[in-house]
Amino acid sequence: MKLDSKIYVAGHRGMVGASIVRRLKADGYHQIITRTHAELDLTRQTDVEDFLKAEKPDYLFIAAAKVGGIHANNTYRADFIYQNLMMQANLIQGAHAAGIGDLMFLGSSCIYPRDCPQPIKESYLLTGPLEQTNEPYALAKIAGIKLCESFNAQYGTRYTSVMPTNLYGPGDNYDLQNSHVLPALIRKAHEAKLRGDLEYVVWGSGNPMREFLYVDDLAGACVQLMAAGYHGPLLNIGTGVDVTIRELAEQVMKVVGFEGHIVFDSTKPDGTPRKLLDVSAAAAQGWRAKVALADGIKLAYQDFLKHYAQV
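Using the working numbering, the first residue of the sequence shown is number 48, and each one after it goes up by one.
Keep in mind that the hints were calculated from the coordinates and are not lab data. Being a predicted model, the structure only gives us computed values, none of them experimental. Keep in mind that the hints are not guaranteed to be accurate.
[As the list claims (entries may be wrong)] No more than 35 Å apart at the CA atoms, straight line, and that leaves these computed lysine-lysine pairs for DSBU-like: (1) Lys-72 <-> Lys-345; (2) Lys-337 <-> Lys-353; (3) Lys-113 <-> Lys-168; (4) Lys-315 <-> Lys-168; (5) Lys-315 <-> Lys-72; (6) Lys-240 <-> Lys-53; (7) Lys-113 <-> Lys-103; (8) Lys-193 <-> Lys-353; (9) Lys-301 <-> Lys-103; (10) Lys-100 <-> Lys-49; (11) Lys-53 <-> Lys-315; (12) Lys-345 <-> Lys-301; (13) Lys-72 <-> Lys-53; (14) Lys-345 <-> Lys-103; (15) Lys-240 <-> Lys-100; (16) Lys-100 <-> Lys-353; (17) Lys-193 <-> Lys-168; (18) Lys-168 <-> Lys-53; (19) Lys-103 <-> Lys-240; (20) Lys-240 <-> Lys-168; (21) Lys-315 <-> Lys-240; (22) Lys-337 <-> Lys-315; (23) Lys-49 <-> Lys-168; (24) Lys-240 <-> Lys-49; (25) Lys-193 <-> Lys-240.
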């Protein structure tokens, strides 16, 4: 990429898209194209094709997606598969129709089988059943990967897919019903602290293990790979380190300053037992995560206090 390249970031208001825009601007890219949902509905094929043909960006980052935690994925199953399939298909097909050769599709580590060997290599895709609670979302993301691969094979495009692990950071969703685990824990611990509670409730058993990546690290990986002209196969993006949900909850308590204790609600689902990515392929491209989990939680809590907390 050149500093004057036209770059369209789909989903620029989301946590990932906003982070990619920040990184592009910080690196000196100044022709960044964005559209809000009110300006462009990505589920409408003709509108997307017309927009891409008119703007003709040189590069396209697909960060637009309908996302959420276990409860949201399991409750709004039709919304998750339909909206994600439509958005990504319209953008990928539309990019090809507009002659855009370079595109990066962002997926999720939930694409891998529920009971994968650990750490998870990219080659494990489609080797076993998915986690049932987020299967519709995972299937949509797998379709996006295969769509990119198929356009490359048939048309010679340079469409690549990156699969980040669990993300957190500025712009996260802190809704207790629909958010991912880390932002939910931050909000729960903060509100428990304000009320003077002696405990706070964590969904599940606390035993599942999860890997967490600060969103600005992901944005750095995406921009670095695109700028370097990476057009290889599916690439995992993560830290290569995981913790139990219990350990995560304890770290959040420490950062927030909540001095009570944790109660686990075993009536709520655990999801996949473990989900640790093998990130050796990304390391071979010269990228590694920079923000340690303890530091990232501090940054995320500062963002929560600034933009979301009722204090």
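Quiz prompt | Restraint status (C-alpha distance of Lys-113 to Lys-103 at most 35 Å) | solution = holds (25 Å)
Quiz item: Does Lys-53 lie within 35 Å of Lys-72 when you go C-alpha to C-alpha?
Solution: holds (12 Å)
Quiz item: Straight-line Cα separation of Lys-193 and Lys-168 no greater than 35 Å?
Solution: Roughly 17 Å separates the two Cα atoms, so the pair holds.
Quiz item: Given the hint that Lys-337 pairs with Lys-315, does the C-alpha gap stay at or below 35 Å?
Solution: At roughly 33 Å apart (the allowed maximum being 35 Å), Lys-315 and Lys-337 satisfy the hint.
Quiz item: Are Lys-193 and Lys-240 close enough, with their CA atoms no more than 35 Å apart?
Solution: Answer violated: Lys-193 to Lys-240 is near 46 Å, above 35 Å.
Self-check item: Distance restraint between Lys-72 and Lys-345, which requires alpha-carbon spacing of 35 Å or less
Solution: Judged against 35 Å, a Cα distance of about 24 Å means the pair holds.
Practice problem: Verify the proposed pairing of Lys-337 with Lys-353, using a straight-line Cα cut of 35 Å. | Solution: holds (23 Å)
Quiz prompt | Hinted pair Lys-301 and Lys-103, Cα distance within 35 Å | solution = Not OK: Lys-301 and Lys-103 at ~48 Å, beyond 35 Å, violated.
Self-check item: Restraint check for Lys-315 with Lys-168, where alpha carbons must lie at most 35 Å apart
Solution: Given pair Lys-315, Lys-168 holds - Cα atoms ~29 Å apart, limit 35 Å.
Quiz item: Hey, Lys-49 versus Lys-168, does the alpha-carbon distance stay inside 35 Å?
Solution: holds (32 Å)
Quiz item: Keeping to a limit of 35 Å between CA atoms, is the pair of Lys-100 and Lys-49 held or broken?
Solution: holds (21 Å)
Quiz item: Given the hinted pair Lys-100 and Lys-353, is their alpha-carbon gap at most 35 Å?
Solution: violated (39 Å)
When each numbered hint is compared with the structure, violations occur for hints 5, 6, 8, 9, 11, 14, 15, 16, 19, 20, 24 and 25.
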